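> Given next are the chains, with one letter for each unit.
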Amino acid sequence: MLQVNNINVYYGKIHAVKDISFHVDSGEIVSLIGANGAGKSTIIHTISGLLRSKTGNIQFLGKDISKTEAHKLVYQGLAHVPEGRRIFLEMTVMENLEMGAYSQGKVNTNDIADVFERFPRLKERQKQIAGTLSGGEQQMLAIGRALMSHPKLLMLDEPSMGLAPLLVEQIFHIIQELNQAGTTVLLVEQNAEMALQIANRAYVLESGHVVLSGTGKELMESDRIRKAYLGG
Amino acid sequence: MQSKKTVVSKMITYGMVILAFVIVFALDQSGLISRHMRSMLVPIGINIILAVSLNLTVGFLGELTLGHAGFMSVGAYAGCLFSIYTADLLPLAARFPLAMLLGGIVAAVFGIIIGVPVLRLKGDYLAIVTLAFGEIIRSVIINLNFTGGASGLKGTPQDSTYPITFVVILIMLFVIMNLVESKHGRAITAIRDNRIAAEACGINITYYKLLAFVVAAFFAGVAGVLFGHNYSILTAGTFDYNMSIEILVMVVLGGMGSIRGSIIAATVITILPEALRFLEDYRMLIYAVVLIIVMIVNASPRFTGMRDFLSPKTWIAILTKKNNGKEAA
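Order-wise, the sequence lines are chains U and S.
Heads up: the first sequence is residues 1 to 232, going by our numbering.
Heads up: the second sequence is residues 1 to 329, going by our numbering.
These aren't lab readings, by the way, just hints derived from the structure by calculation.
Bear in mind that the values here come from a model prediction, so they are computed numbers and not experimental data.
One thing to keep in mind: the hints can contain errors.
Using 20 Å as the maximum straight-line C-alpha spacing, the simulated DMTMM-like pairs for lysine to aspartate or glutamate come out as follows [claimed, not checked]:
hint : chain 1 : residue 1 : chain 2 : residue 2
1    : U       : K123      : U       : E177
2    : U       : K123      : U       : E90
3    : S       : K183      : U       : E193
4    : U       : K227      : U       : E206
5    : U       : K54       : U       : E28
6    : S       : K183      : U       : E95
7    : U       : K106      : S       : E181
8    : U       : K152      : U       : D25
9    : S       : K4        : U       : E95
10   : S       : K5        : U       : E95
11   : U       : K54       : U       : D19
12   : U       : K127      : S       : E181
13   : U       : K152      : U       : D64
14   : S       : K5        : U       : E90
15   : U       : K227      : U       : E193
16   : U       : K152      : U       : E28
17   : U       : K123      : U       : E95
18   : S       : K183      : U       : D111
19   : S       : K5        : S       : D124
20   : U       : K217      : U       : D25
21   : U       : K152      : U       : D111
22   : U       : K54       : U       : D64
23   : U       : K67       : U       : D114
24   : U       : K152      : U       : D114
One chain only, chain U, in its complex shape:
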């Protein structure tokens, strides 16, 4: 479904992503894990068109999207849930969801009902200003908003950031449910344990390189990962 071939991304002179290739197949959950500064978010930003790669290409559903503008990708079925719960803080929960349906042209009330069914907390708070939600609720809203665009591939950038362990589990459970309902997921995480648990496959990044890849289970058992991320 998504094929990333030999991308190299620079911030000025800094070479942040070094010749990385990976792919996501339809129906999978694929995780990119790594420490701070490994290049995870850079990769996501490059796929979603906020940054450009100097080399290689990115194919989505057989089309080259490496030159496509960021705002056009959502129309092709690629939804990006940005890092740090980037919701519209001054709008209500409902208005945030309506914004999510922007690419659909019209707000479908069934879609909103679906999101509320998945996130009952959002239903309770639909008229509340999004900035007053708790961190976990804001993350739910960010995911709910992305779902409003009927994505084929959902890209999540650090959904666990700054959330309590219980909420992290809840969010990851929801990601799994979404995947079972047919959405392909590309997950970028620092929380390696959770990310590997739910992933079909995963890639481990270190300072801009892919250093390991395999199924989630394989990686969880790998010594290197256990030492570096899972605490022995």
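Take the given structure of chain U and dock chain S to it, following the hints.
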């Protein structure tokens, strides 16, 4: 997407403007308005147009621009030159609307020319570049011959009257309020709230930034035409950065993103220096102090609480609650 609440809010804004006009008109007809007061009506209207249109970029789009006077001057010169050359050819009823349309379009074209490269910038950088634009326009106009140069453009017919200004305000309110409440307006406020999230929702950021910028420039140009037709002489020196900043003060004072606030603030700020004329030498000092006090009081939490207490909504809530309580008892 228009809810009942926004429709009511829009009606209040229209109602406020129409009521103000009716009162002024009635007073004028009965001869209760002094000539001095009367001469201020058009400037008030012009400032309302400027403040509301600047609010579109500063308040709704969230980009600080300081070149509003520049767009105004471009529109003013385009409209005034048009009126001077067609004064004998066209009747007033056709000439003046055409002059305003032309002034607006010329300003909008400048908005596109300036906006495409400049809107890549943000915050203070954008403010400085738009400020520079205003200054460049002013210098260029002073050094051109057909604009009358430094001595100013003479011979513009004095067509601006307060009923015409009132009609222009209504048209502008109709356009801007509908834009803000539409899907496009939602996209513009979404960009202000969170650029990356807006882009992730599929909003074309460049397009909407430019749209807001160009609509604002258009109405600045129209205001410029009204301005030019209000005085017998038009000099480029009027449109300096002080003017841009004064418009910005109106927007900030009235509240970013509040159209009604911009209208009230524009009115107050236009009247205040005149109303304080009796203070003579201390006039501008007191004016500045009043502005500072209003800003501080407006932002203080205690005043916010008091304002909520004074608002009719609170009273309606209190009264209905009391009634409910009585019924229960």
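> Against each hint, give a clear statement of whether it holds in the structure.
Outcome of the hint check:
1. U:K123 with U:E177: holds, 19 Å
2. U:K123 with U:E90: Since the Cα atoms of U:K123 and U:E90 sit roughly 18 Å apart, the hinted pair holds (cutoff 20 Å).
3. S:K183 with U:E193: Answer violated: S:K183 to U:E193 is near 42 Å, above 20 Å.
4. U:K227 with U:E206: holds, 14 Å
5. U:K54 with U:E28: violated, 28 Å
6. S:K183 with U:E95: holds, 11 Å
7. U:K106 with S:E181: Roughly 15 Å between the alpha carbons, so the hint for U:K106 and S:E181 holds.
8. U:K152 with U:D25: holds, 11 Å
9. S:K4 with U:E95: holds, 15 Å
10. S:K5 with U:E95: holds, 14 Å
11. U:K54 with U:D19: holds, 10 Å
12. U:K127 with S:E181: holds, 18 Å
13. U:K152 with U:D64: holds, 16 Å
14. S:K5 with U:E90: Holds - the C-alpha atoms of U:E90 and S:K5 are around 17 Å apart, at most 20 Å.
15. U:K227 with U:E193: holds, 12 Å
16. U:K152 with U:E28: Satisfied, since the Cα-Cα distance of roughly 11 Å is no more than 20 Å.
17. U:K123 with U:E95: It holds: about 12 Å lies between the C-alpha atoms, which stays within 20 Å.
18. S:K183 with U:D111: Holds - the C-alpha atoms of U:D111 and S:K183 are around 18 Å apart, at most 20 Å.
19. S:K5 with S:D124: violated, 35 Å
20. U:K217 with U:D25: Holds: U:K217 and U:D25 sit about 17 Å apart, inside 20 Å.
21. U:K152 with U:D111: Cα-Cα ~15 Å, so holds.
22. U:K54 with U:D64: This hinted pair holds, its Cα atoms lying about 14 Å apart.
23. U:K67 with U:D114: Violated, at roughly 33 Å.
24. U:K152 with U:D114: holds, 16 Å
This entry does not satisfy hints 3, 5, 19, 23, going by the numbered hints stated previously.
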